[in-house]
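Q: Protein chains in written order, with my numbering: chain C, -6 to 105; chain F, 497 to 610.
Nothing false has been slipped in among the hints.
With a cut-off of at most 20 angstroms between alpha-carbon atoms, the simulated DMTMM-like pairs for lysine to aspartate or glutamate come out as follows: (1) C:K62 - C:D0; (2) F:K574 - F:E552; (3) C:K49 - F:E598; (4) F:K579 - F:E555; (5) F:K538 - C:E(-2); (6) F:K538 - C:D0; (7) F:K553 - F:D582; (8) C:K19 - C:E46; (9) C:K19 - F:E540; (10) C:K49 - C:D76; (11) C:K19 - C:E(-2); (12) C:K63 - C:D0.
For the record, the hints were derived by calculation from the structure and aren't laboratory data.
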Amino acid sequence: SQQGEEDPQALSIQEGENATMNCSYKTSINNLQWYRQNSGRGLVHLILIRSNEREKHSGRLRVTLDTSKKSSSLLITASRAADTASYFCATGIIQGAQKLVFGQGTRLTINP
Amino acid sequence: EPEVTQTPSHQVTQMGQEVILRCVPISNHLYFYWYRQILGQKVEFLVSFYNNEISEKSEIFDDQFSVERPDGSNFTLKIRSTKLEDSAMYFCASSERTGDHEQYFGPGTRLTVT
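Here chain C stands alone, though its shape is the one from the complex (with noise of 0.2 angstroms):
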C-alpha cells in the first residue's frame, strides 16, 4: 500500500453511531494530521498527532497513533448528518519545510 492509505474506502452509518477510521503509512513520520472535506469544497483540518503521542482527543473526535504499526484511526462518537464528507490522513514528513502525504481518503455517509 502507499503512505496515508485510509480503511475502509466508504463507511455508511447511522445518525448517533460512531464511526471509524484507520490510515495506515510505510515510512516514518514527524506527526499525522486528519483532515475533512465536504464535496467539491477545502480541506478542513481536523487534528494533529505527533509521533511521540499516542492519543489526542478534540471534542467528539478521538485519535490514535502507533508508530510501531504505522497506523492511525480516527473515531467520531455520536456521529450526526452533518459528519457526512470524506476524511483523509495525511503524513508530516519534514525535508526542509514540512510537506504532507495524502491518503485516498474515507467517504463517510451518516444516514438521518
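Starting from the structure of chain C, add chain F where the hints point.
A: Frame of chain C, contents of chain F only:
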C-alpha cells in the same frame, strides 16, 4: 478566525494559456504550500515556500510552474502554458512554523483546461 483565502474559486482556460492562482495565507504564517487534487484522486503536494524561496518541490512542479510572493500578503501559483492534465483543484495552505504544526488549507481554485 483567520483563514486562508483563494481566488478565483473557478478558472476556465484554454490549453496553452497562462494562469495565475492567488492565495492569501493566514497573516502571521511563514510557510506556504500548494497542493492539487485531480478529480477523484489524492491530494498531491506541489511546492513549499519559505523566506521568499522554494523549500521543496515535487516531480509535478516542473518548469511550467512557478510561485511567487509578490507582496506581504499574496502567494501565487503560475502555470505558464496549461495542459489538459493540469485540470484539478488547487489548494493553497499555510503554517505558522515548520515542524509539528498544522497546515491550514484554503477553499481551493478549480482549474478547468479546455
